[in-house]
Every structure is written in structure tokens, then in C-alpha cells.
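Colleague: Mind docking chain B on chain A? Use the hints.
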Amino acid sequence: MSNMIVDNVVEFASYWWFRYLMVTELYMVEKWERVTIHVLFMVLFCVFWYFNYSVLLSLAGLISPNTLIADILPGAHQGQGVKVI
Amino acid sequence: MGNFDAFEQGFASPNGNGRLPNGHGSPKERLSVEPERKFSAPAYTEIRTRRCNAKAAAESKQASSSSYHPEKKAHMNGHASATREQGSSTKPNQAEGKLSPEKEHYQKTSFEEVPMHTACLTYLGFYLLMILGYINQLLFVPKVATEKDREGYVALYDAFESFYSRYVYRRIKDCWNRPICSVPGDELTLKDRVTDDYGWSFKFTGTETRCLNLGSYNYLGFAAATGRCADESEERARDSGLAYCSSRCELGNNAQLDELEKLTARYFGVEDAIVFGMGFATNALNLPSLLGPNCMVVSDEKNHASIILGLRLSGATIKVFKHNNMRDLERVLRDGICQGNAKNGGKPWSKVMIIVEGIFSMEGSIVRLPEVVALKKKYKAYLYLDEAHSVGAMGSHGRGVTDYYKVDPKDVDILMGTFTKSFGSAGGYLAGSKKLIDFLRTNSHAHCYAGSISPPIAQQILTSMKTIMGEDGTETGRNKIMQLARNTRYFRRRLAQLGVITYGHEDSPVVPMLVYLFSKIGAVVRTLTTRHIAVVGAGFPATPIMEGRIRFCLSAAHTKEQLDYALEVIDETADDLGLKYSRKPRDPNPIEY
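Chains A and B, in that order, are what the protein sequence lines are.
Positions 1 to 85 (the UniProt record's numbering) are the ones given, in order, by the first sequence.
Positions 1 to 593 (the UniProt record's numbering) are the ones given, in order, by the second sequence.
Be careful, since some hints might not be right.
[As the list claims (entries may be wrong)] Derived DEER-like restraints, expressed as beta-carbon distance ranges:
{"no.": "1", "chain 1": "A", "residue 1": "LEU59", "chain 2": "B", "residue 2": "SER162", "range": "32 to 40 Å"}
{"no.": "2", "chain 1": "B", "residue 1": "ALA542", "chain 2": "A", "residue 2": "ARG19", "range": "24 to 32 Å"}
{"no.": "3", "chain 1": "B", "residue 1": "CYS120", "chain 2": "A", "residue 2": "LEU57", "range": "23 to 31 Å"}
{"no.": "4", "chain 1": "A", "residue 1": "ARG19", "chain 2": "B", "residue 2": "ALA305", "range": "31 to 39 Å"}
[Said to hold, decoys possible] Stretch by stretch, here's where chain A covers chain B in the computed footprint (C-beta under 8 Å, at least three residues):
{"no.": "5", "segment": "121 to 134"}
{"no.": "6", "segment": "517 to 531"}
If you're looking for bench data, these hints aren't it; they were derived computationally from the structure.
Owing to the predicted nature of the structure, the values given are computational and were not obtained by experimental measurement.
Here a beta-carbon is modelled for each residue, glycine too, at the ideal position from N, C-alpha and C.
Just chain A, same shape as in the assembly:
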């Protein structure tokens, strides 16, 4: 019984893995190329994760309805315009 569940899960996963490969065109490339792209995806994911964790999360923590830009950006003083590039 449990064997069948495992089989089903594996089948389900492998089918959707195949569909994923299909929509990213990785289905038709060689194995090493597929690995390269997956590594690239993982690296991108990690970089985003780190950025979100270190920058966005700390900024988000400061935001409340009464916050001014000046409170968040450390260099800016009250009344000073924020230079937007």
C-alpha cells in the first residue's frame, strides 16, 4: 500500500518535472547544459533571497504608516529633500 503511494508521488513528480523541463526548453538540451541552467537558477534564487533577507526585510521592518523617508534612509536629515536618481 505504502509502496503504491510512493509510486504515485514519484510518478506525479516526474510528470511535472517533465512539464517544467518542457516549458523552459530544457527538455531539448544536453545534460550538462541542463545542469548549468539549474545552477544558474539556484544562484539567482540565492542572490534574490539574500537581497530580500538583508535589504528588503530590514527596510520593510521600518515601514509603518507614520514613517518618513528620512527615517529610513540613514544619511537624510529632517526637511532635507531626498535625491532621487
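Modeller: Structure of chain B alone, referenced to chain A:
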């Protein structure tokens, strides 16, 4: 990741003769086959999914009841007989003749928009392929990319095109240029081949696969090795040999070709016609003799490469209008005529010509001829109609789109078409007024410099044309036309019911099914091959990057059983690969043949 390997098999390994991974053999058989396989491939072995297994089990139960399979040698081919039994012609569309031509066109033609996420994914996939291509090119320079002993020379071959064909096309190259070894009738035999270096080279396995043929332009089923056409062609070859070794202007003219030209003119109901040995060259070499630098040409954006080449050779100013869009055609015509030739200080054009095709081979759409003719008369432009795909396949007498729309063929100034498709032969024709044809006889490069048509080939055209016209005293031609019309409507409606996106007009026998991604083109063609159906995929550069498609070409040689078999397989494949993009309401009722 463990199951990764199921898809991680090499590339192209066709199933051996009769070794069907699915549907045909029992599951036990399949297990025993698998270890023997030398090159295992994801597509040429069945792509296994949950649904597939369930279906396979169900199928093996009722295997005896399935009536048609290409592998079965002795199947009853009830070609055309089914038509007669069921009497009357195809059920006409309700809109027929009641609405204005414009509304009728919109009701019958479908160009469904691509879903947003699919569009994004297609671009993402294309970028990934490009990135991988560049990495590949950087790391391993392929042998073909370096030219030996050419130091100091510039590269002879265009860079992007060869890059594209090496790193995108090459990966699924096994789906194109497939050698066949039989007559391309309703079925054909594919010669199996394998690659163990990802498409750089192929090896023949020595086996063959019998497939249902949904790829040839054999609209009326005249491509056959037996029957009247074949017999008469053979006889002609024995009488007159195979070639005249001369052009029409020298010693290549003969009574047979004169007869062919007269028959062609009669077939279309015009004064005269001229025939050439090659369809592509008919466009590419005759347009320059009709047009010159001070002419304006208004050309549909989806026109065939032969027309584009011909126009470029002619040096005329080319203006392109949106595909089958009459408003845009009128805008381009009006602007062009008002502004005149800018290169010549705004002086009037010496000629203005509209060039359209009857059936657009990649889109499956039909030109809106009545409206084009109205515009042509309004702006006094000439009309050049390329009926390469539509001649024989459209209209109740098989005379092409003029017959289909009941437009007077004399309203079209130049009728062009090929004998390659419906007539099952080779060559092309131009038909129109006597004056036009006489002009071409003296000025056309294709007439003066190309060798005349080979006698058996001309005979095939003559016989098939007479059959279509009913001059052989039988109803064969008429039945074939009816069968094709019936097959077309049935197949298109069933496909729409399945929920895949198809393009084009409901009466056009060219049915493109949109799959969008390159991998899906490859996967569909390979999967259908394992199920014994041969189809043709089309991707960039033949179509826009985003719109990869599978093109089905229907034929009068197909029977309902064959189409049902194909549709059943397409249904399964579409489920497994996720091709059911359509968001249109589906017809819940069974489609009547």
C-alpha cells in the same frame, strides 16, 4: 531527482518496427523491450504520464475494437465510399451567404491570442537556448564552425543563421528532413534513424516505421504509385522519354505541353495559361518580368518566400499590409497611390499590384477574395493571386478560391498556382488573359531559360486535372473534392473541441496547431511518430519566434477511421504535453462527420 533519468535519455531512437511502446504492446512486452534499446530517447519512447498509463491499460482491453492502426497492413480503406453512402455534401456553416463577406470571414476564421504566461515562458525559453548556445560556442568550437585554410578571409556563411541552426534547430533536427521510403499517400513509411551526438549526425537503423501521413500536401490524394495517373504517366515515359533537354523557346515545345496549357486555361475558365517546371520559380522568376523599379506592390505579410524573392528581384517598391486585413490593405493602397513614388520625386507609379495567396500555408487562412477584388477595382490595381495550396483543394469544382467564393476568375488579373500539391506532380502555371500570357511567353525568364516539363510529369498533371474536371467520365474527382471538404471540417471542429489552438479558416485543409515552444514541437513530432503518425512541425524562422506550430495537412485519401485514430492520439498527446491552450467555449456535442 531519481526519476529524472526517465527523461534523461539520449535523443532520437525510433521504436523498431512494430515495437510500439504504448497502445500496441502489453505492459509486459514493454518492460522486456526497454533494456534492449540501444539509444533510449525521451520522445521516441513514450513519454510516460499518469494519464497515459491509465489509458494504455484501458486501450489494451479494447484493442480488438479499435478499427484502424497504421501498423495493421490489411485495413479497409473506405476512401470516398463513406462519402457516397452518407449522401449529401458537407453541412454548410450557418453563416454561409447570410452575412456580409467581412462578418462571414470573421465568423469562420480563428486566430486566438496566445495566453500571457505562455508568451512569457516562450521568450524565457528562447533566451535560455540562446544563452546555452553562446556558452556552447565559447567552450567547444564545433568542427563545422572553423573553416580550414582560410586565414585572412571573411566568414563565408552568415553568422546568426548558422548559430541558430547549430544551437536551436540542431537539437530537434530529427523532427525535420526525415527520409521516407514509400509513396506519400494516406500513409507513408519513415526510414528510422538515430543520433548519438545530439543531432550533429544521424545513423540509419535499417528499420522502417509505417505512419499515417498528416504532413504531405497531397490534398486530393493524387500522389499514388498505382491507378490511372500512374499508369498513364508510365506509358508517357515509355513513349516520350523523360526529358526534352531544351527550353520551351528552343526545341522543348511539344503538343503535350500545348494541350496542358489549353486544359489549364479551360480548368480555370480564363483565356490562356502558361506552365513552368517548378512552382517556386513560377513566382520568383515571373514577378520580375511583370514588375519594374517604378512599380508599387502591396503584399500580404504572410506571403510565401518565393513571392518575396520575386519582388526583391524585380526592384519594385514593396509595401506590406497586415495579414488578411482589408482595412490595412486599403490604407496602404491609398497612401501609396496618393504619395506616388518617393524615389522618383512623387511621380505616379507606373503599375500598382496587390499580391495575395489563396490559402496561406503557415496560417491556414483563406484570402478574403471578394473584398480584395472590390478594393482592386476601386483603386485600379492589378491582382496577383497565388493559389499554390488552394488550387484543387478549394471550391466545389476544385478550381481554387475563385471557385470557393464564386468570384469571376477574370476579375483576378494573374492567377498563379502549382501542380506540386493537389495534382500530385511538379511545376507551376500562370493563367489569365491571352495578352498577359503572350507577354509572358516573350518576356519570362522561366519560359525562355528553364528546361521544359518532363513528359511523365506533365502527363500526371493532365490526367489528374481531367479527373478533377470529370472529363474521364467518372465521379472520382468530385468525390475526392467532397471527401477533402468533409475531412477538413470534421478535423478542424474536432480539434477545436479538444481545446487546442488552431489557426485559420474552417474550410482550409492546412491546419496549424499552435504549440508555441521549440521543445513542444520536438516532443509532439516525436510522440506522434511513436504512435505512427507523421506530421510536420514549423518554428522560427518560418513562423514568428513565439508561434511554433504543428501543421496538419489533410487529404482526400484519409478516411474517417484514420482521422479518428489521429484525433484520439492528438488528444492524449495534448493532455500529456499541455497543449490545450484554448480558452474558447468548446462544443459539448459530438461532431458529425
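Colleague: Could you run down the list of hints and mark each one as holding or not?
Modeller: Quick rundown of the hints versus the structure:
1. A:LEU59 x B:SER162: 32 to 40 Å: Given a distance of about 49 Å, which is not inside 32 to 40 Å, the answer is violated.
2. B:ALA542 x A:ARG19: 24 to 32 Å: At roughly 26 Å between Cβ atoms, ARG19 of chain A and ALA542 of chain B fall inside 24 to 32 Å, so the hint holds.
3. B:CYS120 x A:LEU57: 23 to 31 Å: 27 Å, holds
4. A:ARG19 x B:ALA305: 31 to 39 Å: At roughly 35 Å between Cβ atoms, ALA305 of chain B and ARG19 of chain A fall inside 31 to 39 Å, so the hint holds.
5. 121 to 134: As far as the segment 121 to 134 of chain B goes, the hint holds, because 8 residues have Cβ atoms under 8 Å from chain A.
6. 517 to 531: holds (count 6)
Checked against the numbered hints listed earlier, the structure breaks hint 1 alone; every other hint is satisfied.
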